[in-house]
Structures are given as C-alpha cells and as structure tokens.
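Student: Once you've looked at the hints, go ahead and assemble the two chains, each given alone in its own frame, into the complex.
Residue numbers (my numbering), protein chains in the order written: chain A, -8 to 275; chain B, 959 to 1765.
None of these hints come from the bench; they were simulated from the model.
Computed from a predicted model, the values in this text were never measured in an experiment.
Honestly, I wouldn't trust all of these hints.
From the derived model, a few chain A residues whose C-beta atoms are all more than 12 Å from chain B [what the hints assert, rightly or not]: (1) THR64; (2) ASN70; (3) THR195.
Okay, derived cross-link-like pairs now, BS3-like style, lysine-lysine, Cα gap no bigger than 30 Å in a straight line [as the list claims (entries may be wrong)]: (4) LYS1454(B) <-> LYS23(A); (5) LYS1316(B) <-> LYS1360(B); (6) LYS1232(B) <-> LYS1351(B); (7) LYS23(A) <-> LYS1614(B); (8) LYS1462(B) <-> LYS1396(B); (9) LYS1764(B) <-> LYS1654(B).
Derived, one-sided and incomplete: chain B residues facing chain A with beta-carbon distance under 10 Å [said to hold, decoys possible]: (10) ASP1335; (11) ASP1386; (12) ALA1391; (13) ASP1447; (14) GLU1455; (15) THR1509; (16) TYR1563; (17) ALA1567; (18) ASN1668; (19) ILE1734; (20) ARG1737; (21) ASN1745; (22) VAL1748; (23) SER1751; (24) ILE1752; (25) PHE1753.
Backbone N, C-alpha and C define an ideal beta-carbon position, used for all residues, glycine too.
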Amino acid sequence: MKRLIFLLSIISLVWSSCQEVITVELPDQEPKLIVDALIRIDTTQFTTLVTVQMRQTSDFFGEITPVSVDQITMSNLDNPGNNTNQVLLETEPGSGIYQQIFSTQQLAGDRWFLQIDYQGELYVAESRMQYSVPIDQLTIGDGSLFSEESTELLVRYTDIGDRQDYYLFDYGNGDFFASEDVFYDGQEFEFSYFYDQEFNTGDTLTVSIMGINRDFFNYMNLLREQSEGRGGPFASPAVSVRGNLINATDIDNNNNYNNVNNPDNYALGYFALVQEYRKSVVVE
Amino acid sequence: MTNKLISVTSFNKGGKQWLLSGLILLLLGIVSAKAHSQQQHTISGVVTDLNSGETLIGVNVSIPELRAGVITNAYGFYSITLPQGTYELVYSTLGYTVQRKTVVLNNATVIDIALGENVEELDEVVIKADVEALDISTPQMSVNSLTAQTIKNIPVVLGEADVIKSLLLLPGVSNAGEGASGFNVRGGAVDQNLILLDEATIFNSSHLFGFFSVFNPDAIKDLKLYKGSIPARYGSRVSSVLDIYQKEGNSKNYKMSGGIGAVASRLLVEGPIKKDEAAFLIGGRGSYAHLFLPLFDIENTAYFYDLNTKINYKINERNSLYLSGYFGRDYFGIQDSFINSYGNAVFNFRWNHNFSDKLFSNLSLIYSNYYYGLELDFVGFQWDSGIENFNLKYDFNHYLSKGLRLNYGLQNTYYGFNPGKIVPNRPDSGIVADQLTKKYANEAALYLDLEWEISPRLRTEIGLRGSHFMRFGQEEFQLYANDAPVVFDPFLLIYKEADPIETKSVDRWERLKTYSNWEPRLAVSYTLTDDVSIKASYTKLTQYLHLLSNTNSPTPLDVWTPSGPYVKPQRLDQYAIGMFSFLKDREYSLEVEAYYKDVAHRIDYIDGANLVANNAIEQVILDGNARAYGLEFLLRKNEGDFQGWIAYTLSKSQQKTAPRNDNEIGINNGQWYNTPYDKPHDLSIYGTYTLNERWKMNGNFIFQTGLPTNYPIGQFDFQGVVVPYYGLRNEQRLPDYHRLDLSATYTPKRKSNALYQSEWVFSLYNVYNRMNAASINFRQNADTGVNEAVRTSIFGLVPAVTYNFKF
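Only chain B is shown next, with the shape it has when bound in the complex (with noise of 0.2 Å):
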C-alpha cells in the first residue's frame, strides 16, 4: 500500500496523465456493464440565480417519470446522460421557485437553468412543489445545510448573525457553552472538523475568543455541515466537515449590502467586472474598538474584523476561473502590557475545466495559514505562533450514465508548523530570542467515489481514499529510551516527563515517519414509499493533525501538531443508520438518525500538563481512546408563513486513555470518562412566523444537560495556598442549561420602484434572564479567606438593535 501511495505522490510532482488514465482504465468496467444498446444522450448545464448570476449549489435537477437526478456541484454543473427521449427536467432548491423545463433530447444538450422569484419573465412553466423532494433518496445521510437567510432570521446574543451560532440549533451540533469557541459535532472535538472555506482550511473558527465565528454572513452562499457519511473527496478530520462556499459576486447588477448593528457593522460590494462573465465581490466586517471596555476598570482595546474577497472569470463554456481570499484578524490588548491578536488568512486560485459534458474537473490551489501573537510588556517578549499549508487539489466529477457517477481526485498538502517564536520586544529585556523547533508535514490523497443507483429504489455511494502523511525532519528531535517520552511513576501513580537519551537534528527533506491510511465509505438508501426512505452508512476517516488543547474550550493561542513518530493519526470509525420522512402532505419532513462511532488514537493530556511553549509536546500526550453514540431527530416545518424546526439529540461523548502495561494505572484510573463537551440531552426549537410584509417574528428556545464538571473531593493548602483536589475525572455536572430568545425583523415600506431595501432587527437574547453557569469554581475570596464555590453565568438578558441595507 505504502507503494502505490508514494507513487502517487511522486505523481504529483510529474504528470497527471497517469493517474487520470489508470482511473478511468478502472472505471471502464463499471461503465461497459453499465452500457445499454439504447442511444443515450447527455444534458449538462449550469443553474444559476436568476438576479445575481451567482451559481447555485446542491440544486436538485430530477426527472420524474425516469425517477432519476442529479444534483448541481460546487460550481452549478450537472450532468446527466439519459437514453434519447422527451423528459421534464424539473430544478428545485431551498429558497428558490422549482422550474420544469421539457426536452426532446436526441443529441447532447447543454440547458443553463436560472432560479429566482421572478419567474414571470421565462417561459418555464412554475410550479409549487417541495423543495427537498429528492433529498430522501440520496445515500447522503447526516447532512444539515443552512441558507443565509435562515442564519440570519435566528436571534443571536448582540444581534450579530452568526453561522456557528446557527448550526448549534442543529441535533448534534453543540458547543463547550456561552462564549466557547468552535463546536463539537457528535461528541467530537473542536479540532476533529474540518471547516472549509473556498476550501481552504480555515483553522481557528472564532472570533474574540469565541463569541463570535469568523465568517461573515453576507458573503456566504451555501454552507453544509457533514456530521457523518462523509464522502471520501473529504478526509483529515474525524468528525465532521464545514463546507462553506462564498458569493462569486454579482455578474448582472452593481449592488451594495450591509448592516450596522450592537457589536459590528459590515458593508459588501459586488458587481460586474464584464457583464455575465466577470464578476467581484468585495465584503468586510469590523467590531467597535472597545467591546470589553465596561469590564475593566483599565484601558483596553478589543476588536475583530475580517475581510473576503472574490473574483470570477468565465472565460468560456467550458473554463472559468476564480480567485477568492479571506482575511481576519483579532486584536486584544490592555494598555501597552498585553497584546493579543490573531487570526486567518486564506488565499485561493481554482480553474473549472468541462472536458466533456459528462467530465467536470476543478483545480485548485490553496493557501491557507492562521497566526497567533502575544506580546507581554511587563514581562519584556513578544510571541508569534502559527501553521500555514499549501494545498493542490484536483478534483472531477465524471457523469458516467443516468444511474451511476463517479467523483475521483487527489489532493496534496504541505504544512508547516511554528509552534512558537520568541523575541525580546524592548532593548532592556532580558530575554534570548528563540525559535521554538519547527515542525514540516505532508499529506496526499487520492479518492474514488462511486454513486450508484442500482435501482429507482435502492442507491448506494461507495467510496475510497487512500491517505499517506509524512513527517519532516526538524532541528531538535529528541530520543527516549524505549521510545517512550512519557514515564509513568508507580509509586506516586503519576505520568511525568521522560528525560531525552538524545536530541539530533534530522536533515529536512529525511523522514520522520510515514503513515498510509485506507479510508473506505459507503452510504446505502432505500426508498421504501414516496415519502419515506431508510439510509445507512459507513464512515472511515484519518486525522494527522492534533489541536494541543486541554481547555474546556480551545483557546487562541493553542497550537497544531502533526503526527509523528510519537503521536499516532486519529482513526475513526462511524455507522449510522436514518429514517427520512415527509408528513402531512410534505408540509413537515422528520428525519431520525442514530449513530456509534470510534476515534483510535485520541490524544489525551497527563495531569498537570503544560502546552504553551512546550518544545517536546509528546512528553506530556498519552495516546487514548474516544467513542460517542447518540439518536437525533428533527422534525422541519419547510412551508407556509410559520417555519422552523424543532430538533433533539440524545447522546453520549467518552474518551479513556488505558495503562499501556500493567504497571500503569491510565489516566483517570483507565476508566472511560465523559468529554467536556457531553451533553446527554439537547434540545433546540427555532420558530420564524411571518406576520406580513414589514414584520417578521423569530424565536429560539434551548434546553441542554449541564456540561461535565469537577466538584473538588477536599482541600488542602501548601505554604498558604489552599487548593482543592478532586476524584476522578468530568463526574458532576453544571446545571441544566436552558434559554429563549426572540427577534423582530421590521422591513419598511418599500417606495415604488427604490433599489433601496433595509431592514430593522430588534433581538432580545436570554429573554427571561436566566443565569446559566457557564462554570462552577472552587477558590478561597481573597478577602475574606473563606472557601467559596462561584458561579459565574456569561450573558443575561441581552436586547440589540441592528439594520441592515441593500440596493
């Protein structure tokens, strides 16, 4: 296996002839037991939207009468090759008018579709229909997309729209609480997604620690939460996949969007560069300077903005390219002593080239990096952190035949780690600039995926990446005997570090250690009536890079690292089975899903241990294990002036880390223990009523299990320091958690024919003020020496104001 991967590595470097004949030589099988005498002929095209020209992703194009279809990938194409014929094709998609158009088809048609309201002006003929209608029979489980829309009708804390916010309202999405940055999809941790931005990896998806996430709401165009089932053109994380894609930029019309509202105010520009074929979109959002100012009694500064930009450029039927970038940064600082800023960056190119109307291959290359700075005055340093990678991504979408395609490609990425740099930040410091050892890494895949329909019933997608990861040489690598940087005291029953025998520099270019992973999948669904189907699904992924956090929450300044040769990749291992429903005449759809799933090679962290600036990492990480199971409904009211959801998660999230001999005891006594993050019960419902044309209602209530906490055992003070010490591991809980919060969206009169639309939100977060404990503490009150526990609760009731413009 080894072989054939570096192969394909070495592939990389050279031609990609290779690759692609061997693919399609494999393929042929599949294709010519597929083949049929009848004459077959393709239709292709592009949907866009009707007003903008943006291309829409995920539109349904289905044809009834075959019970067959295909849905739009990442650029609006589709493909499907039907035997020659008459068909209705009928295109739907949430928040869009469904249109059928008829075709003779007797050759390769190539039919560009465009969606909108105003409908009026084609000569499709309209019809009402259900939105989701091909979503039951899709072997595509575990999915949740949000519109724009949606994520800005739900009522946030401040007011701010905010897509992670929006995705929590989702059943197995939750968070560590108020404030906690990223999310935890199915009791997995914030490191094991993989958020996407233009595909480009973005790593750190908050904004001002964690009360806000980083991508702003008016610049995305489609957004899809993969929790499981996840199709092997994705891998490098274990637990779920963010996928956003942002507008392209107007290609009709100049328009203008914005908002100003309690915490930031945001202004995009997108327009023609060349009517219908160049297009620019140009967004930003920037906080006031002083959002934590009433907190302290001192002069402090603390802001976010973040910029995204996009050009497109089809050159001709068949190539279009496109230039997109991301730019955010945070900044926290208290006075001159302490200051604080981070962020992402993002940058990439891609080239969509059709080779044919049933082969659609998109390039990509990616450059992606998050950066970390502190500077400590009093101390007399400045500290810079980060990770950057570059990614090569060539992918296609290859549409063979009415009931079978196939999505093929590879993908290449370096990175490079700094886990930390220090200099003197004054001529006066005394400290000694130093560069803390820099780590190097790559990882290649190579994909095949399969989607079948083997009958109108009975669909199925099959899928396999093979995964191959290297670790680089670096300066400083440290031997220890047995090959074992953790040692275990077994009289103190404690894992310290171990002293290294020898520390060498290993050349750049030498590797470390080298993994290759099979990661297959497979997704089956059976449609057992119109309304109803049944899917199933089978997930292997491979994770090579670790968050070092062991925070409830991770904070900014933790650090990625790669596998090596003493961290192992993370292997997970989830099944899920679903029921997909629709009731009452399609008005509501419920969806039931149940899953187990299985992380190897969970990094688990000694007691006491120490991440920051930690330059042998692998002295204080145990290697351990991470289950999770749960059951998630969601019942969702599509249609009519009331819409919403209610969604609920029964569920369990665990890691245990056993002895690696019998003269060990493991951490937490070798017993499973629950994550911060596990909450056995969540509960959201979100509720949008619309009263009439200028007022629009919306409402959240949440209910969550309190998240595992610690209750000191006892206490005990040393040298006048009194401490608490605790019993094993996450055994209490907080409080139950639970919240309303309501919105009003008032649209003002429009005056007859004005480009101008605005709107009011008015929002009141936490509605009947309840103080939920974010955390309970144990500490001695300096003043009066008496031991108390203290509750300390994040937002109260919170009303906002914002308004938002477009013309």
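Bound-form chain A, shown alone (with noise of 0.2 Å):
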C-alpha cells in the first residue's frame, strides 16, 4: 500500500462527531471542460467502442452539465495514417457523449493522442494501454471496520514480479481504490474493500480490475482523498486534482514552449487506456 489512507480516515473519523452542514459563499470562476475519457478495454473482443464525456465544471453547489466540443479526435502515434485518425461523434447532440470503434489490437498496442478543439481552445493528451490480471476470486467477507453496516469485499489477484504495477479497482457507484504493488510484488495477494451498506441476498456485487500507470495512480488516489471532504487536523491539503490535458493552444514550438504564462486556463480530467478485467459475486 503506497497510501495508508485507510489509516488517515480512520483517524478523521474521530472528528467526525460533531458535523453539521452550513452554508457558505464561494467564490465565483469561470466553467472549464472536464474530459472524462477512462478507456477501458477488454483484450478478448475484436473491436472497442470507445466513450468518451465531456462536461463543464460548475460552482460547487451547482450542476455539472455535458457540454458540446467542436471536434474530438483520436490518432494512433505509432501507426500513423492507415485510417487510424478517427473522429468522435456525438451520441445526441448536446449529450457530451463521443463515440467511436476501433480495433482493440490496435488500441491495445500502440500510443494514442487524444485531441480537442473547443471555444478556440486546443486540449491534448497521450495515453498507452497498461496491462492488467484477472481477479482470481472474489468472497464476500464478514468484517466490518466502522460500522455493522457494512460488508466486506475480498479481492484475490496474481501480481507479475519484477515489475512494478499499479491498479485501479471499481467497486461500482464511484468507489475506486488505488493501489501499487511495492510490498506485493510477484505475490497471490488479497485484501478487504468495505462498502457502507448491506447487500440482500441475491444482489450481484461486481469489481474491475485495471492496469494504469504511476501517473494515473497519483491521480486516482488524490482524486479519491479530495472527494471525501474529511475533516479534522489530519486532513491532507486542499489541492486542484489537475489530469493529463494540456492546453496546447498557445504553444507553437516556437516563441512558446510552455504553458508558464497561462497558469488557469486548463481542462480538468484524464485520458487514459486501461485494460480491463471483471469479475462478479452473488450476495446469499
């Protein structure tokens, strides 16, 4: 565990007692685009539908809405041309929702460049698929942490040695868990999710398992920790949870190389190719 953020929750939760909601003035900012484009892909399908979201960021107590982009597009580095540079369509227009198939061996292999033209404005990023393993088993536990409301998932998995490997697990209903296999590595390793609620029996618990990359890590695990609004001393700094997009529209490789001048003008979220295994549970 890289994160014993377990531990700094558990601490947070002593702080938790005396909570109570108020209203607070916040200050105004102008919307930026959210790029939610999480590629998952499963290796044993020929082709892959490729989904990706596009939102604008609101006031903390306003809504999130999908917005429309001007063209989104994305190109296989590797293997240039040979009809790899494929635009995105629209599911419904003003739905947010692009679309688009492509061949998995090709998505599988290869780095892709993501590009998006909006308001005049030009966000790209880059992404190469990292491999996953399958889940060997998946029990579900009678252990609780903090409350008798709770169930215990266990996740068994098979990490590769010698390498290092990062993985991301969705639980379902934006629970995911980060984790890297520093102190796992090469092992048959299990551990325990809990959720915060009680499953009846019959209903179908269902976890994935994802091959991501350090960067991505980093990413998940403080997306994670700042979503969770905790409380208390203990309680990591506040910091914008910044992804992989850059704006490139200024840079032309040639007065400007960077974006040090144009510290707020970004697009929020991640591009990024996953490998993708499930495996579910039935709750009896």
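Tutor: Here you go:
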C-alpha cells in the first residue's frame, strides 16, 4: 500500500462526531472543460467502443452539465495513417457523449493521442494501454470496520513479479481504490474493501481491476482523497486534481514552449487507456 | 570552517582536554581585561525547596547595592564573584517567598539556600518583594515560563491539566485548532520546536493525536519556552525551545500525590533513598481504556499512558548524578482490524561536577526514541517506523566575575531513522516483508555564550554556535538527472516525481553530504528606569531534521527525515525588540515585543505529494521559504487574590516556494501564501481568583482569527466521482474562534496535623457551547447525492470533575 489512506480516514472519523451542514458563500469562477476519457479495454474483444464524455465545471453547489465540443479525434502515434485518425461522434446533440469504434489490437498496442477543439482552445493528451491481471477470486467476508452496516469484499489477484504495477479497482457507484505492488510484488494478494452498506441476498457485486501507470495512480489517489471531504486536523491539503490534458492552444514550439504564462486556463479530467478485467459475486 | 568543525567531532571521540584548554585560553583574554586590583571572592551554592529538597531553577540571586545578580542554572547552582565586602543577597523566584541574607565576604563562601513558605524556622529576614525584579534587566527576552501550579489552575477540556494547552494562552503560541497536535510558536511549524524533557528530545508531544500532551504535570518541576533570543546552548530547531525539567524527587520525606480525572488518573511517588543525598521519583498516568467508545457503533479501544522516573544521588558537594527516564504510549484499535500504537521513550544519565566554585559542568548521555506502529489486518500487514538518537553533551557554566559569565560546551547527536518497515501480520497475507531505506546522520555542535554586564544598565549576551551535520551512506540512494528529484511539467504546470537514473548503495560510514553552519546570537538589554527596560535580539539557527507532514497538523505516523544531498537544512534569522516594564508599584508587568523572522529552505510539498511509506521522499519536496512577523503584548498581574494575564498577538505567517527557473511556476504560482496555522489576531485572557481558603475560581477567554482554509472554486466529476477543485492555497478562512472556560477548585478543610491534602476541580470547557469550526469540508452527500459544506466542530460544552490528592 503506497497510501495508508485507510488510516487517515479512520483517524479523521474521530472528528466527525460534531458535524453540521452550513451555508458558505463561494468564490465565482469561469467554467472549465471536463474530459472523462477512461477507455476500458477488454482485450478478448475484436473491437472496442471508445466513449468519451465532455462536461463543464460548475460552482460547487451548482450542476455539472454536458457540453458539446467542436471536435474530438483520437490518433495512433505509433502507426499514423492507415485510417487510425478517427473522429469521435456525439451520440445525441448536446449529450456531450462522444463515441467511436476502434480495433482493440491497435488500441492495446499503440500510443494514442486525444485532441479536443473547444471554444478556440486546443486540449491534447497521450496514453498507452497498461496491462492488468485477472481477479482470481472474489469473496464476501463477514468483517466490518467502522459500522455494523458494512459489507466486506475480499479481492484476490496475482501480481506479476519484477516490475512495478499499479492497479485501479472499480467497486461501482464511484467507489475506486488505487493500489501499487511495492509490498506484494509477484505475490498472490488479497485485501478487503468495505462497502458502507449491506446488500440483499441475490444482489450481484461486480469489481473491475484495471492496469494503470504511475501518473494515473497518483491522479486517482488524489481524486479519491479530495472527493472525500474529510475533516479534522489530519486532512490532507486541498489541491486541484490536475489530469493529463494539456492546453496546447498557445504552444507553437517556436515562440512559446510551455504554459508558464497561462496557469489558469486548463481542462480537468484524464485520458487513459487501460486493460480491464471484471468479476462478479452474488450475495448469498 | 569545515576543518575546524571536523576536528571538534574527532575530539569528541578522543580526549576533552583540547577543547577545554582552547576555550579557556580564549576566555582568558576577556577575563584579564576585566580583572580588577581589588581582592575578589566567590559566593556559590545551590538553591533548593525547603520542603522537598528539590533544586530550584532560575532563582534570582541579586545583590541590590551593586545592581548585580545571577540566576541559578538548570541544577539549582549559582556562583557570583564580588569584591571583598559586606553584602545583602536576595533570593527570589516565582511561587516562593523571597529571602535576604547578609554576607561578610572575605573568602570564598558557599551559601546553600532553601526557599519555602515555611520561613519562620530560618534566621533570614523575610521580605515581600516582587518576584521578577531581575527579569527586566536580563538580556534574555522572548521567553515564557509557567509554574506547575498555573498549569493546574488553567481550565482545560475534560479537566486534564495540560502543559501545551496552557502554553497556548501565552502570546506568540498557538496551534492548528482543537485536537491538533503540537504547537506553533511565532508562526513557526510544529516540527520547528525543540522539546526537551530533562534535556532529551521528545519527537512527538501529543497523546491521542493531539487532545492531550505527553507531559504529566505532577512530574514537572520547571518549564521554559524560548520563542526567540534562543541561547547558544540550544540549536537543532528554528522556531522555539520548550525546556522542561522533571522533578528530582523529594530527598526529605516520602510523598505521594495523584488525581482522578474524567480522562486519566495519575499517581506519583517520591522520597529519599538516603535522606538529603539520594531521592527517587516515579510517576504514572493512564487514561481509561475506551475513550472513543461513544463515537463509533463498533468495538474500539483507545488509551494512553506514560511513566516518569528519576533518581538522583548527591555524591558530595562537587558531584551529583541523575538518572531519568520517560516512557509513553498511545494505543488505538478498532476490533482487531486496525491497531495503532505510538510513543516516545527517553533515558538519560547526567553527572554534575563543580570543577571549582566558578566552574560548573554537566555531562549528559541521552537516548531518545519515537516509535510508531500500525497493524492493518484487513490488508494483512504490520508497519513500524521511528527515529532514535544517542546524544552526548558536555556543558559548562563559567562564572568569571561579577558581570561576566560564560557558558560553553559541545554536543554530539547520532540519529537513526526508520522510515518504515512492513511485515506480513499473518501467514496467509500476500505482503512481502520490506524495509524502506534506513537513514543515518550525525549532528555535532559547539557553542560559546558570553553574558556580560557592560554597565549596570547595559547588559548583553553574545553567543556563537557552530553546528556540523553529516548525512551517512544508506542502502538505496537514488541519483537523478541534473540532481533534480522533482521535475516540472511545463505543459500541465505540475511538479512530478523524477525517475531516478541510478540507484546505488553507499557505505554506511561514507558521507553523502556534510553541512557546517555558524549560528551567531546576540541579545542586549538596556534598563531605562528601575521599572522599564528595552531589549533587542538577533538569533540565527539551523535545523537539520524535518518532519514530513503536509496535513494541517502533524499525525503520529509522520516520519522525520534528515537533511542530505537533496534536502537542505532550514536556516532562520530572527530579529526581536521589546519593552518590559512594571506598572502600579510592580503589581502588574507589561511586556511588548515585536519580531520578524525568515526561514530559508523550509521544505514544501508538491501538490498531491504522498508522504506515507514513500521511499524516495526527495521526489515530492521542494525548497521554499517561510516568514513570520508579529507584535505581542502580555499584561500580567502576579500578586493578590486576583492574578492572571491578558495576552494578545497580532501576527502573520506565510510561506513561498518560488520557481527554480523561468520555465516553472513554483508552488502556488510562486506567490506567498498563508501557513495553515496563520492567525492574525490571537487574544487569551486568563484569570484566577482566590475567593477564600476553600474556593478558587479560574477562567479563560480565547478569541482567534479563523484558520486559513480553502473553499472550492468549482467542482468536476470523473467516472462518477465528484471532486471540488481549488484556486490558490489557503486564501479563505474559517469563522473566528472563541470560547470561555471556567473552573473552580475546592479544597476541603484539612484536619489539623493531617498530612492528607485534597482538592476537587470542577471545570466547564466552552461555557457558551460555541460550535467553533475545526474545518469546513466540501463533499457530496453519500445518501442524497447533493453537494454540501460541512462544518466539523470538536468540543461543545464539556463539563468535568477531577480529584487531586497528596500526602
């Protein structure tokens, strides 16, 4: 566990005894583009439907809304040409959901470039698929951590030795957990996750495991940490969780090589290609 | 400079003659310049408590007709050399009756004095004089002391008398809110405080994350907090020194004292091993086992305990030995899945030796360690981390002549750092045992401090400390391109961990990096009238150790890291001026001080830095600066039925991490930002009123500007996770903090001749039940999916009762 995040959350719980929802006036800000481009790839399939969602930020108490952008393309950096530069199409006007079908083989093997034109700004990002490992076993346990009304789910998988691996677990409902193999390199490893609720007999719990790189691992850890809104003196400092989308509008590699003079004009979100395995278990 | 310091280090391993003679030679110049033709004689001695035989620290020994004086050192010793003649010596200190003694001085004289309430038995004439007469003329400024009695009087949460909570009521001292660990002095960080318990470093001063401090008030004899103008004998931390001495043990009678409180119970036993020669003290404090039980609907255990022990043996007039120890632990567990334990342990051996009636020495051998352990059963591991040090100190107080004293000495500390070790906690765990790279370092220092009364009105203290730090080799040492472990992404504008280009193993005794620094100190006082003085000081300090912590206040699992090839030592310059005066026939004292300080190389963390179990911490640290300035007022009433103080501080504390070159933006766009503990206004009022023999009333009122915080400038979502995002750091503030605490102490009537004494302390914390914000958090409500701002408050109104006894 690179992050003993559990621990910090537990300690902060001590301070949660006296909480009250209050009204706060917040500073105003221009909306920013959000790019939700986590491309989960099932390598057993011949083709992959790539879905990218475009939204814009809002005031914290406002509503995040979909936006249509001028154009989204994904291009293959390793094998340019060959019909691999593809435009993603909006499923419904105004939905902000863009899709296109790609060859899984090419998605899995090559470096890909995402390019978004929006209101005169150009946002770009690059990714290469990270491999994952399958889940060996999924078990519902009887342990509990903070409250009796929780469900323990044990995930077992076997890490590949002698290389650094980072994993992202998706437990559904926006519950993610990122893990790295530093302390279990090459081992069969099992750890518990605790849902904050109890499930009914017959409910199906599905977990996916994705292979990610270190940057995305850091991103997801931070995302999780910042979304929890924990209190107390041991809360980590508030930071803007910046993804991998570069505002390339002004970068001409001639007069301007960086964004140092344009620090506030950025897009949020992430573009990542990941291999995904899923497994389900039925509550008995 | 480096060569000189290294020779000192090697001297440390060899003989001590070299340095001693070197220093003495150096001094002779000054001494001979001051020599008078008149016959000089020395008065020396030890000041003790009449009833317990405890030596008394910081007692003023003054000779009013010469406007001269001296203060007893940490072991109660004093020495002053005067021309032949007849003098009246006045012994005074806070909490004791003043004594006068007339001396006909025609040869070297030893005067051991016992101070107490019970003065009738003595021949000395008792006078009632103010207790801080000498303080306004000494060059020492920016220092506060509290007596154990004051600490016990101050109303605190749950009635558990607490050293650090009491310090927070003084000007220039604050913390990051209720339940936050440690304390901040003059806008400095928690890890910039040097906390010494019987000269041993305490690395974590908090129990239960920060609700209580690790010092058992019953075992404390003396406490001083240096906020600036730090004497040259201290170093290693740039913000403050909290110097605490434990009691030595009653060398006359067996005594037992203790208390039963809402949180913990205490018991302390002390007594003579051999009357007037050897004494022991053993004190224990333990909390009840389930302090957090009501907070969860699941089985949990949380408790702490600490143990203070001390033995002293006065071999003869010239030699005394002390052995002392402290051991404290916290334990916090939830079922068997999460077990967290941590604490400090210190052990020290000291030898006082008087080479002559003018030269006092103390040799200390100290071991200190901090341990943190965590077992997470649901992941399957046990985690341990810690720091330990071995410290050798040899300090001298040289009382040269009436107006001239020298303090000098040398110190050597060897550090071992364990950033973390992980082992599987059960056979079926997939965790592979691993040790994060252990680190080793050595810090050596020598110092010379001259207290010189240039004239009766003008006095000065000039000090110089030379410090030398060696970072030793370690198993895995990483090398980076351009020696830069942190890289900047010029497109995304974020700092990132650099990939090492090589990892090598460096031999344990090879030096990875060496630093040497001179740390001059200067303090001057000028007495304008009998009741008014002005003082000024300059302090330079170097800190080689850094606590890796980027939460609002440190957590028990934060680890210390040494300076080295990638992390530079912190360097402080502090300037302070002040005015010290007595008002209304010395019934009141008023202290006003202004300070400015600047810390170079204060570490800062890149956004999203991960500090836990990070084996290459240099990859998330940048070199920054910190600065703080402020104005402090302290109006104190020290006499009468009503006593107390009003402390007000107006201050600013900021930090900045500038870009390293034109292609970076720095942290927070390279701009100054508020530290998490910046509190521009901080007002504390404390009063105690003795109603009659039975009842004593105490109260505090506190008002502080809300702590800096961050409000989101917007929200985004990614894969269904709703996340707030922020602008620049610490630009908003929590609502202002204020509260009132009251307590009443009831002392039942004592039966005549009965030894048993007791008192009841009834306390009310946060009387008007203000829900002060400890934090405001922005999150999506898990049930409704609606975003909300949540204010967390820690303590509302908390009543408590404590029973104390002694016999």
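Student: Hint by hint, note whether the structure agrees.
Tutor: Hint by hint, here is what the structure shows:
With a cut of 12 Å on Cβ distances, THR64(A) stays outside the contact zone with chain B, its closest approach being about 19 Å. No Cβ of chain B approaches the Cβ of ASN70(A) within 12 Å, the least distance being about 24 Å, so the stated non-interface status holds. In this structure THR195(A) is separated from chain B by more than 12 Å, as the shortest Cβ-Cβ distance comes to about 18 Å. Distance restraint check for LYS1454(B) and LYS23(A): the Cα-Cα separation of roughly 23 Å lies within the 30 Å cut-off, and the hinted pair is therefore satisfied.
For the hint linking LYS1316(B) to LYS1360(B), the alpha-carbon distance of about 11 Å falls within 30 Å, and the restraint holds. A distance of roughly 28 Å separates the Cα atoms of LYS1232(B) and LYS1351(B); the hinted pair therefore holds under the 30 Å criterion. A threshold of 30 Å between alpha carbons decides the hint, and for LYS23(A) with LYS1614(B) the separation of about 27 Å falls inside it, so the pair holds. Taken as a hint, the LYS1462(B) and LYS1396(B) pair is honoured in the structure, with Cα atoms around 14 Å apart against an allowance of 30 Å.
Pair hint LYS1764(B) plus LYS1654(B) holds up; C-alpha atoms about 18 Å apart against a cutoff of 30 Å. With a cut of 10 Å, the hint placing ASP1335(B) at the interface with chain A holds, because the nearest CB-to-CB distance is about 8 Å. Hint status for ASP1386(B) relative to chain A: holds, with the closest Cβ pair at about 8 Å, below 10 Å. Taking 10 Å as the C-beta contact cut-off toward chain A, the hint placing ALA1391(B) at the interface holds, the least distance being around 9 Å.
Checking ASP1447(B) against chain A by beta carbon gives a least distance of about 8 Å; that is within 10 Å, so the hint holds. Interface hint at GLU1455(B): satisfied, since its Cβ lies 8 Å from the closest Cβ of chain A, which is below the 10 Å cut-off. A least Cβ separation of about 5 Å between THR1509(B) and chain A falls short of the 10 Å threshold, and the interface hint therefore holds. The criterion of a C-beta within 10 Å of any C-beta in chain A is met by TYR1563(B), whose closest approach is roughly 8 Å, and the hint holds.
The restraint placing ALA1567(B) at the interface with chain A holds, with a minimum CB-CB distance near 9 Å, inside the 10 Å limit. At about 4 Å, the closest approach between the beta carbon of ASN1668(B) and any beta carbon in chain A falls short of 10 Å, and the interface hint on this residue holds. For ILE1734(B), the interface hint holds, since its Cβ comes within 10 Å of a Cβ in chain A; the closest pair sits about 6 Å apart. A least Cβ separation of about 3 Å between ARG1737(B) and chain A falls short of the 10 Å threshold, and the interface hint therefore holds.
Because the closest C-beta pair between ASN1745(B) and chain A is about 6 Å apart, less than 10 Å, the hint holds. For VAL1748(B), the suggested interface contact is upheld, since its CB lies about 5 Å from the closest CB of chain A, less than 10 Å. Interface restraint check for SER1751(B): the shortest CB-CB distance to chain A comes to about 4 Å, inside 10 Å, so the restraint holds. Here the hint on ILE1752(B) is kept, as its CB sits about 6 Å from the closest CB of chain A, short of 10 Å.
The beta carbon of PHE1753(B) is positioned within 10 Å of a beta carbon in chain A (closest approach about 8 Å), and the interface hint is therefore held.
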